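J.: Sequence:
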Amino acid sequence: MSLRWKISAVIALVSTAAAVALSLTVHVAFARRQADEARRLQTERLDLVLREYARTGSPAFGGTLDDPRLPPELRRAAARGNHATLLDGDTIWAAAPAGGSVISLGSTYEGRRAQLASLDRVLVLGSLAVVACGTGAGVLIGARLSSRLRRAAAAARQVADGEHGTRVGDAVGDRARDETADLARAVDAMATALQARLDAELRVTADIAHELRTPLTGLTTAAELLPPSRPAELVRDRVGALRGLVEDVLEVARLDTATERADLSEVPLGAFTSRRVQALAPGAEVTVRTDTVVATDPLRLERILTNVLANATRHGAHPIEVEVDGPLIRIRDHGPGFPDDLLQEGPTRFRKGSDQTPGGHGLGLTIAMGQAAVLGATLTLTNPPQGGAQVTLALPPGGGGRS
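For what it's worth, our numbering labels the leading residue of the sequence shown as 31, then goes sequentially.
These aren't lab readings, by the way, just hints derived from the structure by calculation. Predicted model, so just to flag it, every value in this text is computed and none were measured. Note that the Cβ used here is the ideal one computed from N, Cα and C, for glycine as well. Be a bit skeptical, because a hint or two may be false.
[What the hints assert, rightly or not] Okay, the calculated beta carbon distance ranges per label pair:
{"#": "1", "residue 1": "P427", "residue 2": "K36", "range": "41 to 49 Å"}
{"#": "2", "residue 1": "V40", "residue 2": "A65", "range": "32 to 40 Å"}
{"#": "3", "residue 1": "C163", "residue 2": "R106", "range": "49 to 57 Å"}
{"#": "4", "residue 1": "L155", "residue 2": "A223", "range": "50 to 58 Å"}
{"#": "5", "residue 1": "L170", "residue 2": "Q225", "range": "31 to 39 Å"}
Build the full structure now, drawing on both the sequences and the hints.
T.: Structure (structure tokens):
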């Protein structure tokens, strides 16, 4: 049950309880007042009957001596010398001793019963109106609050998806100074602080990688001047790996700024993929089920294929299968598959491989994801039921990248 209907249900229950309690209170108070007035009036009438009986020796004004209809408890009370009244069904009785007899007076109570029934009908109608109005007000209040919270949640999801200009406070409105607005301001403040911290970390990462370029260039030059030997080959290999890592970090930093733009051109996807796979992974099997022409950036597409195939070669196992089906490219290997945390959280920079496939810095798939976003494409990681790992690149047929 949504918050809207919970609020409506609570208000409806409270309105019903309040209406029932008030109706019962009014009913009991009115019935008691009616009975008290009837007893007082019947007592006054009995006093008139007693005075007339004392004057004339015979009851008058409807009084009766030793009436057989008189309730026994009232008869006993009068026999003990008391003046008493009793409401018995639809008759109000009054009795008092008169010599050795009991003189009594009985009057109908139906008129007062009818008044009480009429009041009950009014109370029921009033209670229904109160419950209806309360429920309607609850629905309106709950709908307004639920709508504001849904807008806040949608804005928060947009911020989480990378739309850093979105503000929750703008989505819920700042006219109402309530808890929802306070929550929106708190979320906006948190998002601003987190974004500032992320921007600072990105700047530091980019600055470090950029500053490393100059000494790496000198180190590369010095390594090339070493005389041919096994140690020289090891030095050149490690320098090359370090230089590639720095270039990858710089590329990730550029992608994180969301300022990269695609240079779109018409690309026959089947032929393009076949040529690149033959050059990047000669042992891979390429199948073109449905060929198509897409508007994309060939350099960025090649970068995605390079990183995905390198990941499949390094962490997977042969055979590596590449399938082109319209704007979809599927790359599957037959290794141990992606780790569960990678499937749940997505690629993360400097994520190491699994225990079965150690190594790697997590930059390859991170860059592939970033380049896919620039192209307006979707990169999906799955583990097929038959085993292995599969990467699916879904390109927009008409070209949807940032250009």
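J.: Hint by hint, say whether it matches the structure.
T.: Quick rundown of the hints versus the structure:
1. For the hinted restraint 41 to 49 Å between P427 and K36, the CB-CB distance of approximately 45 Å keeps it satisfied.
2. For V40 and A65, the Cβ-Cβ distance of about 38 Å falls inside the hinted range of 32 to 40 Å, so the restraint holds.
3. Checked against the hint of 49 to 57 Å, the pair C163 and R106 passes, with Cβ atoms roughly 52 Å apart.
4. Separated by about 57 Å at the C-beta atoms, L155 and A223 satisfy the suggested range of 50 to 58 Å.
5. Between L170 and Q225, the C-beta spacing of about 36 Å keeps the proposed range 31 to 39 Å intact.
Hint violations for this structure: none, all hints satisfied.
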